[in-house]
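Student: Go by the hints and put chain B onto chain A.
Just so you know, the protein sequences line up as chains A and B, in that order. Heads up: the first sequence begins at 1 in our numbering, then just goes up one per residue. Heads up: the second sequence begins at 1 in our numbering, then just goes up one per residue.
Please note: incorrect hints may appear among the correct ones.
[Said to hold, decoys possible] When the alpha-carbon atoms are kept at most 30 Å apart in a straight line, the in silico BS3-like pairs for lysine-lysine are as follows:
1. A:Lys239 x B:Lys239
2. B:Lys126 x A:Lys253
3. B:Lys239 x B:Lys126
Don't read these hints as lab results, they were simulated from the structure.
Number of protein chains: 2
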Amino acid sequence: MPEAIRVCIDAMGGDNAPAAPVQGAVDAVKLRNDIKVVLVGQEDVIQAELSKYEYPSEQIEIVNATEIIEMAEHPVNAIRTKKDSSMVVGMKMVRDRQADAFISAGSSGAILVGGQTIVGRIKGVKRPPLAPLIPTENGVSLLIDCGANVDARPEHLVTFAKMGSIYMEHIVGIKNPRVAIVNIGTEEEKGNNLVKETYPMLKECDTINFVGSIESREIPHGGADVIVCEAFTGNVILKLYEGLSQTLISVIKGGLMSTLKSKIGAALALPALKKTIKSFDASTYGGAPLLGLNGLVVKTHGNSKNTEIKNAIFQCISFSENRINEKIKEQLAVESSTEE
Amino acid sequence: MPEAIRVCIDAMGGDNAPAAPVQGAVDAVKLRNDIKVVLVGQEDVIQAELSKYEYPSEQIEIVNATEIIEMAEHPVNAIRTKKDSSMVVGMKMVRDRQADAFISAGSSGAILVGGQTIVGRIKGVKRPPLAPLIPTENGVSLLIDCGANVDARPEHLVTFAKMGSIYMEHIVGIKNPRVAIVNIGTEEEKGNNLVKETYPMLKECDTINFVGSIESREIPHGGADVIVCEAFTGNVILKLYEGLSQTLISVIKGGLMSTLKSKIGAALALPALKKTIKSFDASTYGGAPLLGLNGLVVKTHGNSKNTEIKNAIFQCISFSENRINEKIKEQLAVESSTEE
Chain A
1 MPEAIRVCID AMGGDNAPAA PVQGAVDAVK LRNDIKVVLV GQEDVIQAEL SKYEYPSEQI
61 EIVNATEIIE MAEHPVNAIR TKKDSSMVVG MKMVRDRQAD AFISAGSSGA ILVGGQTIVG
121 RIKGVKRPPL APLIPTENGV SLLIDCGANV DARPEHLVTF AKMGSIYMEH IVGIKNPRVA
181 IVNIGTEEEK GNNLVKETYP MLKECDTINF VGSIESREIP HGGADVIVCE AFTGNVILKL
241 YEGLSQTLIS VIKGGLMSTL KSKIGAALAL PALKKTIKSF DASTYGGAPL LGLNGLVVKT
301 HGNSKNTEIK NAIFQCISFS ENRINEKIKE QLAVESSTEE
Chain B
1 MPEAIRVCID AMGGDNAPAA PVQGAVDAVK LRNDIKVVLV GQEDVIQAEL SKYEYPSEQI
61 EIVNATEIIE MAEHPVNAIR TKKDSSMVVG MKMVRDRQAD AFISAGSSGA ILVGGQTIVG
121 RIKGVKRPPL APLIPTENGV SLLIDCGANV DARPEHLVTF AKMGSIYMEH IVGIKNPRVA
181 IVNIGTEEEK GNNLVKETYP MLKECDTINF VGSIESREIP HGGADVIVCE AFTGNVILKL
241 YEGLSQTLIS VIKGGLMSTL KSKIGAALAL PALKKTIKSF DASTYGGAPL LGLNGLVVKT
301 HGNSKNTEIK NAIFQCISFS ENRINEKIKE QLAVESSTEE
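Isolated chain A (complex conformation):
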């Protein structure tokens, strides 16, 4: 039997810590007996939380870390000075191969800084992108980069496209995933300077299935599997997805309550409606991996509940089992040797 995959959880990160990360860990180990979860953070706090549950105790370990990085802290300073924070301790475990992955619902900025400076980048990856799955009419698409690297350069976007393709093919199981670049029109000459420079480079890249530009209108329709964009654009897309879904649902609920007839209708339709809305909730798809690091770091939403943490744990396991990082390294190595 191969050694169990070990996933490290920031037990102090996010709005619902420590309850959500601890419960998520318990949920995960109850479902699979071949994995290990390490909860990193203040030992007594975690122990108190864990004592609420029954679980196979050999599958959960606590690693003490006394400090907490707060959301408002300056990311670089926080990572540099809080050596005994759950985030720094957890990421060092990944760096030192004591864990395969690290999950946190804490400060995005600190996760990005820590990922790069502590875990470190794969050779050939200059800017590790944050890549969440977003729901579409037919399934999911990978949005890459959604917030790690503002003002990225064309060559960075090409690496995003390659890593995103590997992820979608081996984690989501989409053969030959369609890669598109976010643009303001579908013609090749359209776009800002970044897109105009990146487009021909993607077109020439024979390891990906580049299908051209995608207008944001087509993203929810599932117009491509890997949606490549610069981080500012990706962040705008991700957050508008969230805000607009919430708003439309609240507007629709308001509409349903506007007449007696529609109220009765709403009461009958609500269970089906809730299920539908849930299927369009980005948080059910686990967290956003920071791709291209020497180990896996996953950021989950700040208000993650136990289910999202559990899903993120299984996402990390799938990432390790499918040897995604090895595949990324192989592809980037082949290309750099071809270039020489």
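Tutor: Relative to the frame of chain A, chain B by itself:
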């Protein structure tokens, strides 16, 4: 009695031309007897369409233009070579003060090029932005720029903010409108280079009510009245609004049809639901003005129906009646004289 406001319509532009522009014109003149509408395009085609309606004939005029600019044409070439197109002829009427405004559902690119080269820019406006109203939970916000000027510079965004404030105050009637810049976080130090440079300039601008950064998540919640952004970002926001609304509605409809109980519920709730959804449809808010020109040019959606054209006509009338362009000129003139 002052002279009637004259609005020029591109009778050949858009997916539903000439039917929709002609009917929209008829709808408008039936509602107000103090306006004139000029239909520009192929005279016989327009005449045939007009003959279907009864309307006060002295309020609608036809101006012949034999050529049509197609959607796929290169905008600069089209405007330069098709001198007798409905778009060029209509815009020249605005330039020559024969009309107060020009509305087209035709090629966006050609409208942008024609607006700048034929109608011309107000002194002090280097980049005229396209500024549609988008629906929010509480009303509408102005998204400026949504597609005219990719790779704009900070000083352009500051002019957008000023013009957008005047528009929202005098057309939509929002006193002291809240101006925000689209960003990927709310802290002042966040953002890409463009936002970081623009933020302090907006902060120092005392003719606007700058409230800081807005994350795209807050746009549908009505987090600001004037949403300032570079055109690439604005275009992504506008089109994602469209795509995501369509997708969510289709997903919700699918969900409602999933069980017998929910089907009955849906039948009861549908009229109210349709009304709600309509209130969140961007096209009901008329067209997008290209602000900062020596006259008004309005772009409506390519698939505009008569209602949108009619709404756009009233929008143009309101623009003229409220002397928006004069207000923009005054403010920019005051500032340039203060700077000297």
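Student: Work down the list of hints and note, for each, if the structure agrees.
Tutor: Okay, the hints, checked on the actual structure:
Straight-line distance between C-alpha atoms of A:Lys239 and B:Lys239 comes to about 14 Å, which keeps the hinted pair within the 30 Å bound. The straight-line distance between the Cα atoms of B:Lys126 and A:Lys253 is roughly 44 Å, outside the 30 Å bound, and the hint therefore fails. Of the supplied pair hints, the one linking B:Lys239 and B:Lys126 holds, its CA atoms being roughly 25 Å apart against a limit of 30 Å.
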